[in-house]
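Number of protein chains: 2
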Amino acid sequence: MAKERILIVGGDAAGMSAAGQIRKLLPDADIVVYERSGFSSYSACGIPYYVAGLVEPETRLVIRTPDEFLEKQNIRVHTKHEVLSLDLGAGTVKIRNLETGGDFSDGFDKLLLATGASPVVPQLNGARADGIFSLGVLETGIAARKFIDQHRPRHAVVIGGGYIGLEMAEAFACVRGMKVTLIDKAPQVMSTFDPDMAEHIAAAIRGIGTELRLGETLLGFSTEGGRVRSVIIEGGTIPTDMVIMGLGVRPNSQLAEAAGLKLSVRDAIAVDESMATSHPAVWAAGDCASTTHLMTGKPFWVALGTVANKMGRVAGIAMGGGEASLKGVLGTAMSKHCAYEVARTGLSTREAEEAGFVFQSAVIKTKTRAGYYPGAETMHVKLLAEEGTGRLLGGQIVGGQGSAKRVDIIATALAAGMTVHDLVDLDLGYAPPFSMAWDPVQIAGRSLLAAMG
Amino acid sequence: MAKERILIVGGDAAGMSAAGQIRKLLPDADIVVYERSGFSSYSACGIPYYVAGLVEPETRLVIRTPDEFLEKQNIRVHTKHEVLSLDLGAGTVKIRNLETGGDFSDGFDKLLLATGASPVVPQLNGARADGIFSLGVLETGIAARKFIDQHRPRHAVVIGGGYIGLEMAEAFACVRGMKVTLIDKAPQVMSTFDPDMAEHIAAAIRGIGTELRLGETLLGFSTEGGRVRSVIIEGGTIPTDMVIMGLGVRPNSQLAEAAGLKLSVRDAIAVDESMATSHPAVWAAGDCASTTHLMTGKPFWVALGTVANKMGRVAGIAMGGGEASLKGVLGTAMSKHCAYEVARTGLSTREAEEAGFVFQSAVIKTKTRAGYYPGAETMHVKLLAEEGTGRLLGGQIVGGQGSAKRVDIIATALAAGMTVHDLVDLDLGYAPPFSMAWDPVQIAGRSLLAAMG
Chain A
1 MAKERILIVG
11 GDAAGMSAAG
21 QIRKLLPDAD
31 IVVYERSGFS
41 SYSACGIPYY
51 VAGLVEPETR
61 LVIRTPDEFL
71 EKQNIRVHTK
81 HEVLSLDLGA
91 GTVKIRNLET
101 GGDFSDGFDK
111 LLLATGASPV
121 VPQLNGARAD
131 GIFSLGVLET
141 GIAARKFIDQ
151 HRPRHAVVIG
161 GGYIGLEMAE
171 AFACVRGMKV
181 TLIDKAPQVM
191 STFDPDMAEH
201 IAAAIRGIGT
211 ELRLGETLLG
221 FSTEGGRVRS
231 VIIEGGTIPT
241 DMVIMGLGVR
251 PNSQLAEAAG
261 LKLSVRDAIA
271 VDESMATSHP
281 AVWAAGDCAS
291 TTHLMTGKPF
301 WVALGTVANK
311 MGRVAGIAMG
321 GGEASLKGVL
331 GTAMSKHCAY
341 EVARTGLSTR
351 EAEEAGFVFQ
361 SAVIKTKTRA
371 GYYPGAETMH
381 VKLLAEEGTG
391 RLLGGQIVGG
401 QGSAKRVDII
411 ATALAAGMTV
421 HDLVDLDLGY
431 APPFSMAWDP
441 VQIAGRSLLA
451 AMG
Chain B
454 MAKERILIVG
464 GDAAGMSAAG
474 QIRKLLPDAD
484 IVVYERSGFS
494 SYSACGIPYY
504 VAGLVEPETR
514 LVIRTPDEFL
524 EKQNIRVHTK
534 HEVLSLDLGA
544 GTVKIRNLET
554 GGDFSDGFDK
564 LLLATGASPV
574 VPQLNGARAD
584 GIFSLGVLET
594 GIAARKFIDQ
604 HRPRHAVVIG
614 GGYIGLEMAE
624 AFACVRGMKV
634 TLIDKAPQVM
644 STFDPDMAEH
654 IAAAIRGIGT
664 ELRLGETLLG
674 FSTEGGRVRS
684 VIIEGGTIPT
694 DMVIMGLGVR
704 PNSQLAEAAG
714 LKLSVRDAIA
724 VDESMATSHP
734 AVWAAGDCAS
744 TTHLMTGKPF
754 WVALGTVANK
764 MGRVAGIAMG
774 GGEASLKGVL
784 GTAMSKHCAY
794 EVARTGLSTR
804 EAEEAGFVFQ
814 SAVIKTKTRA
824 GYYPGAETMH
834 VKLLAEEGTG
844 RLLGGQIVGG
854 QGSAKRVDII
864 ATALAAGMTV
874 HDLVDLDLGY
884 APPFSMAWDP
894 VQIAGRSLLA
904 AMG
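For the record, the sequence lines run as chains A and B.
Going left to right, the first sequence walks through residues 1 to 453 as our numbering numbers them.
Going left to right, the second sequence walks through residues 454 to 906 as our numbering numbers them.
Everything labelled a hint here was simulated from the structure, so no lab data went into it.
Wrong hints could be hidden among the right ones.
Non-contacting residues of chain B with respect to chain A, defined by C-beta distances greater than 12 Å in every case (computed) [to be verified]:
1) Asp540
2) Thr759
3) Ala815
Straight line, CA to CA, 25 Å or less: simulated PhoX-like cross-link-like pairs of lysine-lysine [to be verified]:
4) Lys525/B x Lys365/A
5) Lys477/B x Lys336/A
6) Lys820/B x Lys72/A
7) Lys365/A x Lys820/B
Remember, predicted model here, so these are calculated numbers, not experimental data.
Even glycine gets a Cβ: it sits at the ideal position worked out from N, Cα and C.
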């Protein structure tokens, strides 16, 4: 019997997690990865910190190089190779070597699509000018960093107040000491947070001197000699030395769609709990694929490294003939803006309403440590729970050092189907440098219990 | 009908938590608290930080004074009043006013015993000398602080390598810059941790210059003019300027025992899930009472502020006629020794063996943040899970900043009865300043899954 041949399209978190699992289960299989960019298995989430100058060189973001994959796991990773099309009937893919420009075909017994997601880039005047960067792949981060090193910009405009936007605004304002203007078309930053919690985040952003312009429509850019000079919004013109666009990402599902694979919510590739697609020889994992929201039971799409790693692991085990499944996720995410931490999990108020839940919520303001302990900072916790059952639906936390990772308590409670009562009864850890005797999430739980009567 | 009269013996975490709940449910009841010390409702866990000089004045440790209790909640707190005996048949208690020396009686309809725990003080030569302190109540902390301010000791001996011992050694070594010798009769520090994890803690203690002497038997003290001059152990004589004893605590259950109430493990007062004792008019809560260990289902005693607060809340609701219960606890505890964090929850290896579990464990070494992110420090995670079912039994974490509070993920998973698989599937939060894409507790989970085959 010939060796099984497994092709993987995309050599980042999901693809390489899968490759590692497959190698463990199928020691003899041919495992070949085609990656469009010049890097394998790097931390995309680390790009803002590389641009900031907190991390260098860029190779520190690379977890394992193609040479290391070959040597340690006998996995062949071809970077700068773009897969152009899939022929699922024939079991072949068409590939372009981006360095030579030559096209060729390769055959597979099993195929994993781990094509990731790409930044949304608006079709606007000047959007391709020098000095404007849409962070997605490491190459763009390297280009942004080179631009900064070369031109020493003093003012940056960041467009989009989501995770990437906040992290880039932090990089410029708090690490590089630049003047920053942060623009969003929404009336709040961080759209996955409730407006009241986003207000605290906005106050923290303004508190470090960043100009925050919400509810602003981006019209275009003015350029000079091919280089960006200002950002044009409905509210006026903002002169700037550089621009970062963080307008969100979309799943790279074009190959899958063209090959006839079923798509799901947000046009992400539809997969089951073991990451199997609608074609028996094809799996999909990571930012290009859909999953399930554990609180609604409905298809859900989120582009996060945590989820990509989990999906990749499950896909790899499944493709290797093992048993694994990922029942779903909670959209747990966190970020830091200078010293301010933000985190969320489960359903926001808007999401809970859209899902048809009848629920109540409570928000509390407390301290990150015992109030008397040096360094205690303000934090806010919001909890949502279903009326009647008391089942927790979601949580949001913003505040000083030690705030964000507490969302994991809520995420674990959500996964377990816990009620607010269960949360209040938890035996969580306490010492004055870390907490009060009731952890802040439990203080929020007690407040919610009181509200629920 | 006469107003219901509720007496509470002990005005700290459990007693005052209960009092507050009773007041909410019974707006008209007489609520009277007798407290032996001079303070109500203070953070006993904060005493080491007060002695260190990180917190001052000592009144910052007091959450609410007797005057505030009277004014805000109409709760009468009599400090410096010691309850001498209970007559449960008659429904009376005998009290001594420690300031006047006068004795009197008071009657109750319902009684709560929240008498706390007291430090174990060995009967050894010189143990009562000036300069030797057994931290238990705030007054001792104040005395220790006064001694330091007056005598400016340069070398302290701390006896007992548990939580109090480590926190006091931190106070002396890292805050006050004193030379510290830490002695324990056991071959390891922190007896609620497994020996391999305690090794890392010991290395951290030694790493900051503290002399650690394990397996040493304390014989006594030599004194000069009534003041301690050295600590005598089997291994020799250690000259010192002051001594802190942290030899553990015992439940103050003498009153209860003398009154004929049923005792439980470690001679703590036996209570049910609503904190009711063996007498229908008497409840008990806090360090003087027993609870249940959630993993073994067996009676368990632990003296921790978190548990005392929870027990007090439940006792108060029950005494007020409401419904509440505390099914049990996990022994979750954490501490910090200078920059080194330690935390544990559930069963240790020894406890799991004693409870008769067949289990496996895994220990991993990883980083507190993404490896490339500045400030990433080493941390170790140990997990125990039952063989066959994969049910988690316990976890221990030691390491740099951000390590300890992660034990809450494990504590929540334990309370939910989760398996190692469930833990690995959790959607925990990630961003490079906080974690890797797989949280360290999940990396430990994956390692344990691999070990379990």
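Structure-based check of each hint:
Listed as a non-interface residue, aspartate 540/B keeps its Cβ farther than 12 Å from every Cβ of chain A; the least gap is roughly 33 Å. Remark: the non-interface label on threonine 759/B conflicts with the geometry, its nearest Cβ contact in chain A lying 5 Å away (cut-off 12 Å). With a cut of 12 Å on Cβ distances, alanine 815/B stays outside the contact zone with chain A, its closest approach being about 17 Å. Using a Cα cut-off of 25 Å, the hinted pair lysine 525/B and lysine 365/A holds, with the two alpha carbons roughly 21 Å apart.
For a cut-off of 25 Å, the pair hint linking lysine 477/B to lysine 336/A is broken: about 39 Å separates their Cα positions. Proximity of lysine 820/B to lysine 72/A is assessed by CA-CA distance (about 22 Å); at most 25 Å being required, the pair is judged to hold. With a CA separation close to 30 Å, the supplied pair lysine 365/A and lysine 820/B exceeds the 25 Å bound.
Violated hints for the displayed structure, listed by number in ascending order: 2, 5 and 7.
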